[in-house]
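*Asks:* Sequence:
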Amino acid sequence: MKTRVFLTSLVLLSLSFLSAQGVNFPKPCSIKMPKYGNDSATAVKNYAVYRENFKDWKNSNFTSNAINYVIEPWKYCFNNAPLISQNVYFDGLKIYEYFIKNEKDSIKKQKYIDTLLMIHDKNIEAFGCKKPYGEGYILGRKALDLYEYRPKEIEKVYALLKRAIELQNEEAAVLSIFYKLTIEMVKARKLDTANIYSNYDWVSSLVSKKINQLKEEKAKPNADTVKLNKKLESMKIAESNINNLFEPWASCVMLTKIYQPKLNENLNNAEWLQRVVTLMGKKECTDNDLYFKAAEAWYKINPNPSSAIMLAKSYIKVKKYNEAIKYLNDAISQLSDVDEKFNAYLTLADAYQNVNQYSNARSVALAASNLKPNDPKPYIVIGDLYMATAAGCGDNEVAKRAGYWAAYDKFLKAKSLTQDEKLLNNINQRLSIAASNFPDNEKLFFYNLQPGMSYTINCWYSETTVVRAR
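Each residue of the sequence shown is one higher than the one before, counting from 11 in my numbering.
Hints listed in this document are in silico derivations from the structure and should not be mistaken for laboratory results.
Since we're looking at a predicted model, the values are computed, not measured.
Any given hint might turn out to be false.
Claimed, not checked - When the alpha-carbon atoms are kept at most 27 Å apart in a straight line, the in silico DSS-like pairs for lysine-lysine are as follows:
(1) K432 with K410
(2) K141 with K267
(3) K200 with K267
Claimed, not checked - Ranges between beta-carbon positions, derived for each pair:
(4) C262 with Q96: 17 to 25 Å
(5) C262 with F72: 22 to 30 Å
(6) Q96 with E158: 53 to 61 Å
(7) S261 with N406: 32 to 40 Å
(8) L422 with P258: 33 to 41 Å
(9) I247 with K119: 27 to 35 Å
(10) P142 with N278: 24 to 32 Å
(11) N278 with N380: 38 to 46 Å
Beta carbons: idealized from backbone N, C-alpha and C, even for Gly.
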């Protein structure tokens, strides 16, 4: 029969702990006493009782009355044998999270929160120098709990997270919320704006490193892919959150100011180069000398499709289209992701158009359309090609304007595929330009044509369209 100690009244923990203004960082492993305290037999007994009942409570999804038989023996261990096991602290967090969740009295709830935070502190004093759940890990957990229960204390949360990250806590939530609080602290004028940029450089570097590390672990034989995929997904979400928070503050000028001084020392740092190139590409800073040098260096270290595309974009900006075409074709041949390949095709179409290889430009735009038939962008590209070459596709006044009819068809198709207001405005402008270049009725009559008739264009492309008048 299980030995149970019934809880008749819940007593809050009352431990003496240094409390001061601002943030307090307990000293790791500062508790010096025997593992089982001064009464090992009593400690072992209480530990066994609380753990057995805690498991029952956990198995009930923390709903059974087994909690009533957990608290007193757990408190004995916490107060009298703090070095018996780190389970005491992790289990204690579950116990007090339960009390906080179910307490209606606001004053009592706050006392429970105080105790929860104190459990983190004593965990550091007992086991803070242990691995893997040492000081950095515990401070990160404490910060997240403080942010959940007392979100207005952002200065304390920020300081705890910063210290946790300095101690190699690279959990996705820790990195993501730290940067979120960086932005909030700057907006509240509690941090200098420069921290938005320095902290971004810091945490985004850690995120990139962690993602690459997880990918390497996943590639190993007998890897726990389910667990690693979960961690990888969390880290990618953190990366996206951090980049989205930073984006409104980023500009080509600021990015250059941040990263230019660090370029030479990072020419062999693939992670750093990828981050700079990706961010500058997102902000359309691809005509920037820093972007070009970083993209080129990244491709030399890691000649993959992503680095080839980034480098190609920089070549397009400096009008080295043939070099861009070479890198894009190389990248496309290796790409399997539909979105990446689609975007690469459109970039290649732009490069081909700029060297007057219109047929190739149309071919790759059609290839993009085959990948994503409901995307309007390839039709816009083809319409632009038809308008740009209309004058060279005929031997009379009407034939030289027939390309605008074909372009109009493509723009109408594009318009039918989107609800995006910005894109619709863009398409409508093109429709107006095409319509303004239609021949008038008089010219149509002269060449025995009437609006609505079918008309076939035979030029560098072949297209059947409809006769229209201006």
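*Asks:* Determine for every hint whether it applies to the structure shown.
*Replies:* We went through each hint and held it up to the structure:
Between K432 and K410 the CA atoms are separated by roughly 31 Å; this puts the pair beyond 27 Å, and the hint is violated. Restraint check for K141 and K267: not satisfied, since their Cα atoms lie roughly 39 Å apart, outside the 27 Å limit. Note on K200 and K267: the hinted pairing holds, with a Cα-Cα distance of about 23 Å set against a maximum of 27 Å. The supplied range of 17 to 25 Å is broken by C262 and Q96, whose beta-carbon atoms lie about 49 Å from each other.
At about 52 Å, the beta-carbon gap between C262 and F72 misses the expected band of 22 to 30 Å. With their beta carbons about 22 Å apart, Q96 and E158 fall outside the hinted range of 53 to 61 Å. One distance hint, 32 to 40 Å for the beta-carbon pair S261 and N406, is violated here, with the actual separation near 51 Å. Range check, L422 to P258: about 36 Å between beta-carbon atoms, so the 33 to 41 Å window is met.
The hint said 27 to 35 Å for the Cβ distance between I247 and K119, and at roughly 30 Å that hint holds. Checked against the hint of 24 to 32 Å, the pair P142 and N278 passes, with Cβ atoms roughly 30 Å apart. A hinted range of 38 to 46 Å for the beta carbons of N278 and N380 is consistent with their spacing of about 39 Å.
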